[in-house]
Amino acid sequence: MMRSAVAAAMLGAVIGTGLAGGIIVARAQNATTAISIDNFTFTPATVTIKAGTTVTWSNKDDIPHGIAATGNAFAKSKTLDTDDSYSFTFTTPGTYQYFCYVHPHMTGKIVVEAATGENTTR
Amino acid sequence: MSEFDRDDGINRRKVLECMTWVGTGVLWTVSGGVPRSLGIMGEAQAQEVKGLTFLQISDSHVGFHLPPNADALGTLQECVTKVNALPIKPAFMIHTGDISHLSLEAQFDDADRIISQTRLDVHYVPGEHDFLDPDQKFYRERYGKAAKGAGWYSFDANGVHFIGLVNVVDLKAGGLGNLGTEQLEWLEADVKGRSASTPIVVFAHIPLWTVYPEWGWGTEDGAQALSYLKRFGSVTVLNGHIHQVMQKVEGNVAFHTARSTAFPQPAPGAAPSPGPIKDVPADKLRTMLGIANVTFKQNEQRLAIIDTPLAG
Numbered sequence: 073m074m075r076s077a078v079a080a081a082m083l084g085a086v087i088g089t090g091l092a093g094g095i096i097v098a099r100a101q102n103a104t105t106a107i108s109i110d111n112f113t114f115t116p117a118t119v120t121i122k123a124g125t126t127v128t129w130s131n132k133d134d135i136p137h138g139i140a141a142t143g144n145a146f147a148k149s150k151t152l153d154t155d156d157s158y159s160f161t162f163t164t165p166g167t168y169q170y171f172c173y174v175h176p177h178m179t180g181k182i183v184v185e186a187a188t189g190e191n192t193t194r
Numbered sequence: 252m253s254e255f256d257r258d259d260g261i262n263r264r265k266v267l268e269c270m271t272w273v274g275t276g277v278l279w280t281v282s283g284g285v286p287r288s289l290g291i292m293g294e295a296q297a298q299e300v301k302g303l304t305f306l307q308i309s310d311s312h313v314g315f316h317l318p319p320n321a322d323a324l325g326t327l328q329e330c331v332t333k334v335n336a337l338p339i340k341p342a343f344m345i346h347t348g349d350i351s352h353l354s355l356e357a358q359f360d361d362a363d364r365i366i367s368q369t370r371l372d373v374h375y376v377p378g379e380h381d382f383l384d385p386d387q388k389f390y391r392e393r394y395g396k397a398a399k400g401a402g403w404y405s406f407d408a409n410g411v412h413f414i415g416l417v418n419v420v421d422l423k424a425g426g427l428g429n430l431g432t433e434q435l436e437w438l439e440a441d442v443k444g445r446s447a448s449t450p451i452v453v454f455a456h457i458p459l460w461t462v463y464p465e466w467g468w469g470t471e472d473g474a475q476a477l478s479y480l481k482r483f484g485s486v487t488v489l490n491g492h493i494h495q496v497m498q499k500v501e502g503n504v505a506f507h508t509a510r511s512t513a514f515p516q517p518a519p520g521a522a523p524s525p526g527p528i529k530d531v532p533a534d535k536l537r538t539m540l541g542i543a544n545v546t547f548k549q550n551e552q553r554l555a556i557i558d559t560p561l562a563g
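Here the protein sequences line up with chains A and B, keeping their order.
Taking this note's numbering, the leading residue of the first sequence gets 73, the next gets one more, and so forth.
Taking this note's numbering, the leading residue of the second sequence gets 252, the next gets one more, and so forth.
Check the hints yourself; a few may be wrong.
Said to hold, decoys possible - Cross-link-like lysine to aspartate or glutamate pairs, in silico, EDC-like; alpha carbons within 20 Å at most:
| # | chain 1 | residue 1 | chain 2 | residue 2 |
| --- | --- | --- | --- | --- |
| 1 | B | Lys529 | A | Glu185 |
| 2 | B | Lys481 | B | Asp441 |
| 3 | A | Lys150 | A | Asp110 |
| 4 | A | Lys148 | B | Asp384 |
| 5 | A | Lys132 | B | Asp530 |
| 6 | B | Lys529 | A | Asp110 |
| 7 | B | Lys499 | B | Asp472 |
Rather than coming from a laboratory, the hints here were simulated on the basis of the structure.
Fair warning: this is a prediction, and the values are worked out from it, not measured in the lab.
This is chain A alone, in the form it adopts within the complex:
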């Protein structure tokens, strides 16, 4: 019941996006990048993405972590307990330094490049 409802919603989203701007746009808007938090380390520590990409951090540690950007350049996550994740979609090109606000020695970097060609819809 629940599963089919989610599947239907996802299908709707894909179709809707496809209708709006073609299949390439749909791919850009749905682009995702995963960062794992494991052993008090962000892996990979630096990711380079196109604008419009959603970054998802997942906490694989037994200790809670939290994501905060230097200078609050993007929204802070709530506390991520074990197996919790946090997603943020980067729309503005630039370099974003971030750290764990619970363990600030943990740092990482997101480099957001301008989307090109048909992808510059945002």
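Please arrange chain B on chain A, whose structure you already have, making use of the hints.
Same frame as chain A, now just chain B:
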């Protein structure tokens, strides 16, 4: 007198790093403003206790439920039972932070329910796990109402000046624990005008000295704080955060970290990360958890710390 009593010259600058995970604890004293190691717990118990005795409890992490400890509240209860069974009732207790694991109200409620069974006054400082609620207000509402800033304060007991500091807020990317300008200014003013013979006890969650920066075990501006205390003959710094007993003596300053009541963490660099040591045999866990008992003896200017594990 123990043999260590004759070793002033050697011990004055000696760095003690004691990983007493299996042993019964370490006692060290401050005599004439110079802290030094005296021996192990048996020796400590043999001495007549006078003056002020207080307890340090740390890193309860109420809500933690993963290996090696499925029940952090249960081991906190065991520690409290141990406190209540002490032959000498302590004057009060300090808790050096990480009361809760995730700053949930229910976790603070559970911790308070267990800790209040000691019927002791408890002086808290927060750990980083106590400021994880979105508004960072639960800790302050419960424990920091009479304190300054994020929860720092001082008080006096039996001629000893106690200072509780907060080094877990406004943490900077890539940095260690942080006290901040406002708190440093307050500290400088707080100790100004006090006699250099006043014994000082400073307590905070993250070690005020640099234990292992690779794991964030230290305080960015800790040295600045300690510079205000240089003129005092006896300074004792009590911390938590690293879930193991570690000691260091530097000039007139004695540093000490306490065990957690919830789970042990590895020795610096001994594991890929500072996360909990997971593969602890069930029968060994309680040798790695515990409390610290601190005694100040008037006239002798001695401050002795006994780390007592839950078992072993």
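Against the structure, the hints:
no., hint, in the structure
1, B:Lys529 to A:Glu185, "41 Å, violated"
2, B:Lys481 to B:Asp441, "14 Å, holds"
3, A:Lys150 to A:Asp110, "18 Å, holds"
4, A:Lys148 to B:Asp384, "13 Å, holds"
5, A:Lys132 to B:Asp530, "17 Å, holds"
6, B:Lys529 to A:Asp110, "15 Å, holds"
7, B:Lys499 to B:Asp472, "18 Å, holds"
Going down the numbered hints, you'll see the structure goes against just number 1.
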